[in-house]
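Undergrad: As a plain string of letters, each chain reads:
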Amino acid sequence: MSKVESSKSTVTGVNRRQFLAQSAKAGCAMGLLGMGITSVAKQSSQLDPLAIRPPGALSESDFLSACVRCGLCVEACPYDTLKLARWFDGAATGTPYFTARTIPCEMCEDIPCVKACPSGSLDHDLTDIDESKMGIAVLIDEKNCLNFKGLRCDVCYRVCPLIDDAITLEMQHNQRSDHHAMFLPKVNSDSCTGCGKCEHVCVLEQAAIKVLPAHIALGKTASHDTYINTEETTLEMLNRGLPL
Amino acid sequence: MSKLSMKKDGFAQAAIDELGWWRAHKFLFLRRASQLSVFILFAIGPLFSLWLLKGNLSSSELLGIVPLSDPLATLQVILTGHMPEFTLILGALIIAIFYALVGGRVFCSWVCPVNMVTDSASWLRRKLNLPRTSEMPRSLRYYLLAVVLLLPILTGLTVWEWVNPVPVLYRAALFSAGSGLWLLVAIFLLDLFISERAWCGHLCPTGALFALLGKLSPVKVSAVNAKACDNCMDCFVVCPERQVLKPALKGKQAMITNSDCTQCGRCIDVCAQRVFQYKNRIALKAENTQ
Ligand code: SF4
Ligand code: SF4
Ligand code: SF4
Ligand code: SF4
Ligand code: SF4
Chain A
1 MSKVESSKST VTGVNRRQFL AQSAKAGCAM GLLGMGITSV AKQSSQLDPL AIRPPGALSE
61 SDFLSACVRC GLCVEACPYD TLKLARWFDG AATGTPYFTA RTIPCEMCED IPCVKACPSG
121 SLDHDLTDID ESKMGIAVLI DEKNCLNFKG LRCDVCYRVC PLIDDAITLE MQHNQRSDHH
181 AMFLPKVNSD SCTGCGKCEH VCVLEQAAIK VLPAHIALGK TASHDTYINT EETTLEMLNR
241 GLPL
Chain B
245 MSKLSMKKDG FAQAAIDELG WWRAHKFLFL RRASQLSVFI LFAIGPLFSL WLLKGNLSSS
305 ELLGIVPLSD PLATLQVILT GHMPEFTLIL GALIIAIFYA LVGGRVFCSW VCPVNMVTDS
365 ASWLRRKLNL PRTSEMPRSL RYYLLAVVLL LPILTGLTVW EWVNPVPVLY RAALFSAGSG
425 LWLLVAIFLL DLFISERAWC GHLCPTGALF ALLGKLSPVK VSAVNAKACD NCMDCFVVCP
485 ERQVLKPALK GKQAMITNSD CTQCGRCIDV CAQRVFQYKN RIALKAENTQ
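Residue numbers (my numbering), protein chains in the order written: chain A, 1 to 244; chain B, 245 to 534.
Honestly, the hints are just simulated from the structure, not real lab data. The structure displayed is predicted, hence computed values, not measured ones. Possibly wrong hints are sitting among the right ones.
Listed next, the stretches of chain B that the computed footprint assigns to chain A, with coverage defined by at least 3 CB atoms under 8 Å from CB atoms of chain A [what the hints assert, rightly or not]:
no., segment
1, 308-314
2, 319-332
3, 386-397
Below, computed lysine-lysine pairings styled on BS3-like, alpha-carbon distance capped at 30 Å [what the hints assert, rightly or not]:
no., chain 1, residue 1, chain 2, residue 2
4, B, K490, A, K25
5, B, K471, B, K494
6, B, K471, A, K25
Facing chain B, according to a computed beta carbon distance under 7 Å, are these residues of chain A, among others [claimed, not checked]:
no., residue
7, L20
8, M30
9, G34
10, M35
11, G36
12, V40
13, L64
14, S65
15, R69
16, C70
17, L72
18, E75
19, Y79
20, R86
21, P118
22, G120
Don't be surprised by glycine CBs; every beta carbon is placed ideally from N, CA and C.
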């Protein structure tokens, strides 16, 4: 009885000064706490390079502001492609991602994952799955890729939903045997959707072709660099002086 | 020591003798049933492909059409500057209106999974006879709520969702994301050893927001029979927000109007004198003015 009573009386009997002091203390504590959580958040907002976001995902920072981590996209995916990230998973906890090598995206025509997303972190303007940019496939290891050894593996090429567009085989003379041809898989980064089917099927123990998030896979010219298309440059243009 | 911590096996014994064990735990059981049914509705989706309720507490879809979303998560998203799809906002409005009508913190005691964790910590505290402590001000949760809503403006990230323990249990069970469970263990230990009812009673910003939402709700617990109170203090022992009880028991107005009340109904259960009852504020007003 006494305990309850006394704690009550201190609660009701706070004077102005105590109240201000208490507020200041609480304010400081909250400030520190806020900084703490923010630094946790900032640190774990680094996405693992092999974790790929679902189709239509906004740029990583916009995605992190928008996604409420409801898992509706995960439940909508008929192929169990998507997972919600756990703590220490290399993607912000609770956000959806997939690992192409384990289960790639099957590029559903009606894109159920995007339709299910209530927050718009998966952009509902994406209606053609072939336009999606989950990542970019990169033939990352030319040494071990069987086609680079002069064999006709072609598995990644044949599995690609956008065969001969997102991925092509480039015939090249085989210097080693000198009378064979090599067929080198080449990804066209403008068409590749990043579905990861190529990485999934690569016959090697470690895939030689890997899907990477676009910000890692793609180079970018600096804004002050000007690219000159030499084939279309005429003498007249040169005489006029090129707009550099 | 006070009478409170001396009662060992005597707790709520009067109510049990008077009403029988079952009725003295009625709302506790109904509450657990409600918490578990919500969870089961979510879980039978992935388990048996019976999709009555998809998603989790952050946002979900009822019967494939009705969107339901957590108002706090939705507010955070909007404050980052991202304009969400209308579905999310509609879902948050539906939830907000629902709890404004039935009582804000009804969410806490009838739906939220963390409640089971903190209730068990409190139960164990009682069993182990640990002293009652409450050094933290209850207003902390509103400060925390303010921080939770401020950080998205400053950082552009829904920072709180990284550590929010409320959806963690659901994510752990529904999406096998168990590595976040350490947060719930931390809350359990905090409530058990460091400060009584620390999480739900003093810190949780979700509870704070729901308390604000439920300010005007017509449904309240009311000390209809306050005269019969024999000061056994059992309701003070079980109530997660015991500061709300005294004004109702001793004051002029029998209604528990403080929106901190989670409307769990444990005070109704444990009172042998049947002091408390759920009441509809509007109906009660009509009665009084007659
Ligand atoms: S497009 Fe289909 S397979 Fe790919 S993530 Fe979405 S639902 Fe899954
Ligand atoms: S459905 Fe949208 S908001 Fe929900 S987890 Fe997926 S991406 Fe995030
Ligand atoms: S990720 Fe691979 S399979 Fe998918 S579109 Fe790109 S090249 Fe094709
Ligand atoms: S206070 Fe927070 S954690 Fe506790 S029951 Fe309410 S919403 Fe859940
Ligand atoms: S007053 Fe009663 S209903 Fe409200 S929180 Fe306390 S025990 Fe629960």
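Undergrad: Need the list of violated hint numbers for this structure, in ascending order.
TA: Result: hints 6, 7, 10, 11 and 19 break, sorted rising.
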